[in-house]
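If you're matching them up, the sequences are chains A and B in order. The first sequence begins at 1 in our numbering and counts up by one. The second sequence begins at 1 in our numbering and counts up by one.
Honestly, the hints are just simulated from the structure, not real lab data.
In silico lysine-lysine, DSS-like type, Cα no more than 30 Å apart, as pairs: (1) Lys106(B) x Lys94(B); (2) Lys227(B) x Lys188(A); (3) Lys155(B) x Lys94(B); (4) Lys128(B) x Lys155(A); (5) Lys171(B) x Lys95(A); (6) Lys128(B) x Lys94(A); (7) Lys155(B) x Lys128(B).
There are 2 protein chains.
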Amino acid sequence: MNEAVIILVAPQMGENIGAAARAMKNFGFRNLRIVAPRDGWPNEKADNMSVGAIDIIHNAKVYDDLSAAISDLEYVYATTSVPRDMNKEYVTSKKLAQELAVRDCKFGIMFGRENSGLNNDEIMLANKILTIDTTDFNSLNIAHAVAVICHEIFKSNTAQHSPNLQELATKNEVALFLNHLEEELDNKNFFKSLDKKPRMMRNITNIFTRVDKLSNAEIQTLRGILKSLSN
Amino acid sequence: MNEAVIILVAPQMGENIGAAARAMKNFGFRNLRIVAPRDGWPNEKADNMSVGAIDIIHNAKVYDDLSAAISDLEYVYATTSVPRDMNKEYVTSKKLAQELAVRDCKFGIMFGRENSGLNNDEIMLANKILTIDTTDFNSLNIAHAVAVICHEIFKSNTAQHSPNLQELATKNEVALFLNHLEEELDNKNFFKSLDKKPRMMRNITNIFTRVDKLSNAEIQTLRGILKSLSN
Numbered sequence: 001m002n003e004a005v006i007i008l009v010a011p012q013m014g015e016n017i018g019a020a021a022r023a024m025k026n027f028g029f030r031n032l033r034i035v036a037p038r039d040g041w042p043n044e045k046a047d048n049m050s051v052g053a054i055d056i057i058h059n060a061k062v063y064d065d066l067s068a069a070i071s072d073l074e075y076v077y078a079t080t081s082v083p084r085d086m087n088k089e090y091v092t093s094k095k096l097a098q099e100l101a102v103r104d105c106k107f108g109i110m111f112g113r114e115n116s117g118l119n120n121d122e123i124m125l126a127n128k129i130l131t132i133d134t135t136d137f138n139s140l141n142i143a144h145a146v147a148v149i150c151h152e153i154f155k156s157n158t159a160q161h162s163p164n165l166q167e168l169a170t171k172n173e174v175a176l177f178l179n180h181l182e183e184e185l186d187n188k189n190f191f192k193s194l195d196k197k198p199r200m201m202r203n204i205t206n207i208f209t210r211v212d213k214l215s216n217a218e219i220q221t222l223r224g225i226l227k228s229l230s231n
Numbered sequence: 001m002n003e004a005v006i007i008l009v010a011p012q013m014g015e016n017i018g019a020a021a022r023a024m025k026n027f028g029f030r031n032l033r034i035v036a037p038r039d040g041w042p043n044e045k046a047d048n049m050s051v052g053a054i055d056i057i058h059n060a061k062v063y064d065d066l067s068a069a070i071s072d073l074e075y076v077y078a079t080t081s082v083p084r085d086m087n088k089e090y091v092t093s094k095k096l097a098q099e100l101a102v103r104d105c106k107f108g109i110m111f112g113r114e115n116s117g118l119n120n121d122e123i124m125l126a127n128k129i130l131t132i133d134t135t136d137f138n139s140l141n142i143a144h145a146v147a148v149i150c151h152e153i154f155k156s157n158t159a160q161h162s163p164n165l166q167e168l169a170t171k172n173e174v175a176l177f178l179n180h181l182e183e184e185l186d187n188k189n190f191f192k193s194l195d196k197k198p199r200m201m202r203n204i205t206n207i208f209t210r211v212d213k214l215s216n217a218e219i220q221t222l223r224g225i226l227k228s229l230s231n
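My request is simple: use the sequences and hints to build the entire structure.
Here's what the structure looks like:
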C-alpha cells in the first residue's frame, strides 16, 4: 500500500489539526507532518479534537519550513481548491485513485492554511496539483479536505502496484540540483533584474518538478551537464 | 442530478451541524433536515461554523421525529460505521456512485448522533445501509462523514473538465532544444567516449521528454539557460 504522508502547511487552528488526524486514522494514514503551526506545538486543542487518533498527534513531525518537511519524499501533491495557472499538471479527486494506482513511491500530499491555502512558492515545490471536485463554493474546511482525500485513497487501495525499477530522486536531491543551477545562472548574470528572479526561478523549478519519476541517476546526469556547461 | 436530502438525526453539537452544511455546499447539496437537535434551533454555533453556507442553515427544516423528516422521500440510506446485522442490504462508499447512477428518485441520507450513531429503530426506517469504508478505527466525525459522502456523489455527477492553460511545446521544439544541448555538450567534451554518447544522449532525452505538458514558453526558458551557461 502507498501510505501517503499528510503535510499541513501553516495550519492556524489546533482544532483542525486534531480533526485532520482523526480523519487520517479513519482511513489508515499515520504520518502527519506540520509546517510552522501558527499557535505552536504541542497544541491542546489539537489533542482534544483528535479523539482516538492522539497517537498520530503525538507522532507528528513539526518543521519550520516546507522544504525540510518534504525533503525525503519522492513525489508531492499540492492540494488547491481551483486549478492554478502554473503550467503544472493537475489531477482531480475524481481521477486520484486511477493516478495513484501506478504511483509506486514515497509520496506526500500538502494542504494549505485555512484562510488562504497554499501560496505559489509552496505549490511550486509539488510535482502535481490535486484539486478536490467541488461546486463554485470551493472553500473546504481543511479537515474535510483531508478526510475526502484519505477516503479516496483508502477505498482505491486494492490497486496493483508496479515494481519500482529505479531509485527515485528525493525532493532534497532535486533541491540541491536547483540550488546548483541557480548559482551557475547567477554567475552568468542570467537573471537580468533581481525583481524578476523569483518568478524566473519558480518557472525553472516548475519544469524540473514535473519530470515524472525522476531518478537518482538522472539527477546525477543533470548535475554533470550543469558542471560541464559551466566550465 | 440526484440531489440527495441530508438528514442529521439528533445531532449534539451546533459546530458539527454548521460544518456539515459547509461540506454540503462544497459539493452542491442544499437540502438539510435536522431531527431533534440536542441544543435546540436556531443554534449560533451552527451559524458560525457554516461560514459561506449560512443559506443552508437558514433553509434547514427541523423535525421532532425521524418519520416526519423522511415522509416525502422515496428512498433512504442510513449511514453506519460498520454494517449492522439487520438483514438489510448495505452499500459501501466505494460502490455508492455505481449504485446512485441507477437510482432516479427523491432520496435522502441519514447521519446519526455524534456519540452513538443511528439506533436500530432509526436504521429500520431506511431502505439500505450505507457504510463508509474505513479502517477498524471507524468512528468518523459527523461532518467528515457528510463531506466524504457528498463528495462521492458529487464527483460521480460531474463531467471531466481539463482546461489547457498554456500552449504546449511541439515535439519539434523539444528536438531543437535537445540538438542545441547536444551541440554545447560536444563543445565542452562532455561525452568522453564516442561509444557511450548515444546511450548518454538517450538518457538525457528521456529526462526532458518526461516533463509533463512542457510548454512552449518553458522550452524557451531551457534554451535561454543553455545559451547563458555555455557563454
